[in-house]
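*Asks:* Here is what each chain is made of, one letter per residue.
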Amino acid sequence: MKGYKNRLRRTLGYIGMGILAFIMLFPFYVLCYVALNNRSNPLSQGVFAMPDITAENFITAWQRGNLGGAAWNSFLITAGCLVLIVLLGASAGYTIARYSNTMNKIIFSIFLCCMMVPGIINTVPLYTIMRRIHGINTHWAMILLLSANRLPYCVFLYKQFVESMPRDLEEAATLDGCSRFQAYWLVTFPLMKPVTSTVVIISSVSFWNNYSQAVFFLQEKSLYTLPLSMKQFVLENTKNWNSISAAALISAVPMVILFLCLQKYFIKGLAAGAVKG
Amino acid sequence: MNKKQATCMAAAVLILTTVLAGCKTTDVTTDQTAEQKDSQKSEASKEVAELTFYHRMNTMTDYIDAFVDKYNDEHPNVHITTDLQTDSAVLQARYAAGEDPDIVLGPQSTQYMVDGKYLALDEAMPELVESVKPELVDIVRELTTDHVYRLPTGMGTYGMFYDRTIFKELGIENPDTWEEFLNACRMVKEQKPDVYPFYLEPDNLGHQVYYLPLGLSMLDNGMLPYNKAATKNDQSILRFMEDGYLDLYAERLMEMAEEGLFDKEAAIVGNADTASEGFAQHKIAMMLDGTWWYGDAITQYPEMASYIGFMPIPSIKDDRDAYGSVDYDSCISISATSPYQEELKEFLTAWFDDAGKYCETRKCPCSVKGVEVSWGDKTFVKEVDDVLNNYETGVVQTESPNGFYTAEIANIVEEMLVGSLAPDDFAQTFTDEWNAAYGSK
Amino acid sequence: MLKKIKANYYKCMALPAFLLFFCFFIYPLCLGIGMSFTNWDGVSAEKTFVGLWNFREFFRDSRAIHTMLTTIKYGLLEPICINVVGLGLALFLDSKLKMTNLMRTFVYLPSVISALVMGYVWQLMLRPDGGAVRQVMEFLGFGAHFKAWLAYPDSALWIILLVNVWQFSGPAMVIYLAGLQSVPQELYEVATIDGAGYLQKLKCVTFPMLKPAFQINVITNIIGALSVHDSVVALTDGGPGYATETISVYIYRMSAGARAGYATAVAIILLLITMLPTIFIYRAMQKER
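Chains as they are written, first to last, in this note's numbering: chain A, 238 to 514; chain B, 707 to 1147; chain C, 22 to 310.
I should point out that these hints are in silico values taken from the structure, not numbers from a laboratory.
Do not rely on the hints blindly, as some may be mistaken.
Some, not all, of what chain A presents toward chain C, calculated at C-beta under 8 angstroms [what the hints assert, rightly or not]:
(1) G250
(2) P288
(3) L497
Every residue, glycine too, gets a C-beta built ideally from N, C-alpha and C.
Start from the sequences, fold in the hints, and give me the full structure.
*Replies:* Here it is, written out as structure tokens:
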């Protein structure tokens, strides 16, 4: 009797997963279908007719949209931002968790409150500030800006994690003659790998896909990131859904690959501490 | 100590590389200009003028990029970069920060013209202004200061596109009055149930309000006085509630909706794309739109050229004749605040020298006197000329306040179509939003 | 001297982060708040101080109030739906069936792509003429139920909700999975010994242990839902009419429509709306600890 119940549950489980997979992947199928289809086929014939397969759309998207250069720009900015938020966020989270004097408490509350602020309040004043520091059309200013926007969330995650870590190892290190900072850097920081990987994964998506800041501050075409190039491409090829779909697929590939590679660490990282009580 | 130093070094190197990578790209652009500068020093001791060319013509990017590249090659003392942005917020941010683009192709808002952002061409380049057809110059003239800040490259017109094959098949004659137009729709609906008798999509929902109700008011008052009143929000002439024909329009539109003569769903989720597709498959009988739609549609579906026709706009008021419109297309201005005035004037002359080629690509008639362009299918061009020659054509888009353009007007119409707004309140809502955009408190 | 700095540095390690944040976020925020008390149009050089006028304008405008109501409605529905679906998926995919890892990837995949792109894809799929959704429905036999949902004010908001739940259940699910995996097995074993069934175990063991995951998810989702912008623009552009115009879309339109001071004021109103539930939930959760 029990065996039958288990098998039934398993079959239902697989059916459920099949339906789920269909629901989640169908739009990607549509995207691929349109991207591979020849332009002269009107879209109204639906997505199940035999497509006139051509790689032309991908080539057009890559060349005309300058997606290669844009991907490189996106990569630089994302990498720079990740370095900044990990270094700054980890140290901030550590200090706030371990030494909650008034200053740190105030800083943390400010970080928390600002998480709720909609980014659009800042845009116009930021434009004036960026102009004054000659930061428009530079990568370093974008990196600083995007990192700043992401810091509260990072600091929050790091603080939660550090709070759940025992102090013993750090104390031991201090007794051995390290300064507090060395104790942090050499002992605690490596132990924060799980939450660092979580932060890296979640934040890279947000840096990579950033549009609302990049559109104002990166105006030269050679500096466009991937979302900007995508939008430009859509603008220049308004009715060419086939090329647009190809461009969208190309833009999505890097993030998909990143996620596939890091997903093991992602869940482990979250489990190990970001979500602990 | 070693480990610590090593980690610090590694981190420093990583940050340094990233920062350098960030600086690298900007260096590349400055390097290019330096190179150009060096090659210039041998020819002329002038520095290279860096000019920005801002435009919103997303369908003409190939032509514009090619033109600019050729111009850059032939004129080593200037370097023009094109910038396609259809997001008006970006342009606004640039002006707010003092970064005026040098060349602007596309809608020039009255506010920017009045603020003196653009060069007054009637003073600075009178011969160029002379070379453009006078009726077009009158349309683009800025009405409060009476200067010409922009010149059109081409001409556009607005009217009723129709499928000649369907008309011939059903024996429909070109409608001259609103009643005849409705009858034509009814005939199509009865005999061809899977064809849209009249097609509406969100883009032209807004445009229509300019031409159907406000257009009549413009004919009543004369185009220039009416537009002048519009830029000043002179309600004594505009009189939206009394003479704007807005409630008549709302009534007519809702009558058509109730009879099912156009598809309400398509009116909200369609776009210019679906309109082209519909015509390509003989699924649309009639549509009111501008020749700017025609050019793109023909490029995508060339077969359509042989059966798309053109008719004048039927008047929603019963005792009036149908009418047409003469409008500008692709207006270009040069900045008044740029230090490179000579270079910009040179560019503008070169632009208009090639105006014919622009119009051929754009598929519209040219604005320059004496330049004939073969811009479309022969029968279609003949029908357009018929309308322009035989009907009243003093209708253009009314000058709207900042932030109240076709998209916002389309929203009000959509509200009415889905029942959130009573047709009786349409005129009042329109007037209120218009006034709000002028900031009247 | 150097030694003193070195010794005390650890206390100030939060300062670099705070400094960066101050320059690029807090300072523009303050300038922005100042802007909301003017009637600047974003272009001209003059700014006149108008005090609380912009805020008063907002509450007098019926379109503005409608956006606020739409946003609040959406801001309540979306977190609920995402959390229910995310939790359900986490429970479903926590089993030891073979393909669970692959399925988790599939569920998380849409969130990696920008909301704007996905919105356009869904809009393409929901077309009445030859849209993929209609085709699938006809294939499965209930094609007659197809409507152009995006064309009607009532259903348009639900479509936006659906697309967002589809796209962002993944991150919620992952956080719940992490929470589920950190529940010690002994608790379940003790519960089974005590005779608890599946649902009871769920209620008494799983849910209490998931509180931190729940907190993070709900807070992030509320903030995200109240400021939703890209999805709306891609799917309906605020339409039909103003039916699905959320506050973010309204703000963007106002700032593009030469009312920059007013737009900033509305953004501050949005901030206040966001703060209320967030602070409430955060406090409630902290107390339980």
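*Asks:* Please go over all the hints and tell whether each is borne out by the structure.
*Replies:* Quick rundown of the hints versus the structure:
1. G250: Nearest chain C Cβ about 5 angstroms off; hint holds.
2. P288: 13 angstroms, violated
3. L497: At 7 angstroms from the nearest chain C Cβ, L497 of chain A passes the 8 angstroms test, so the hint holds.
The structure fails hint 2 only (numbered hints given earlier).
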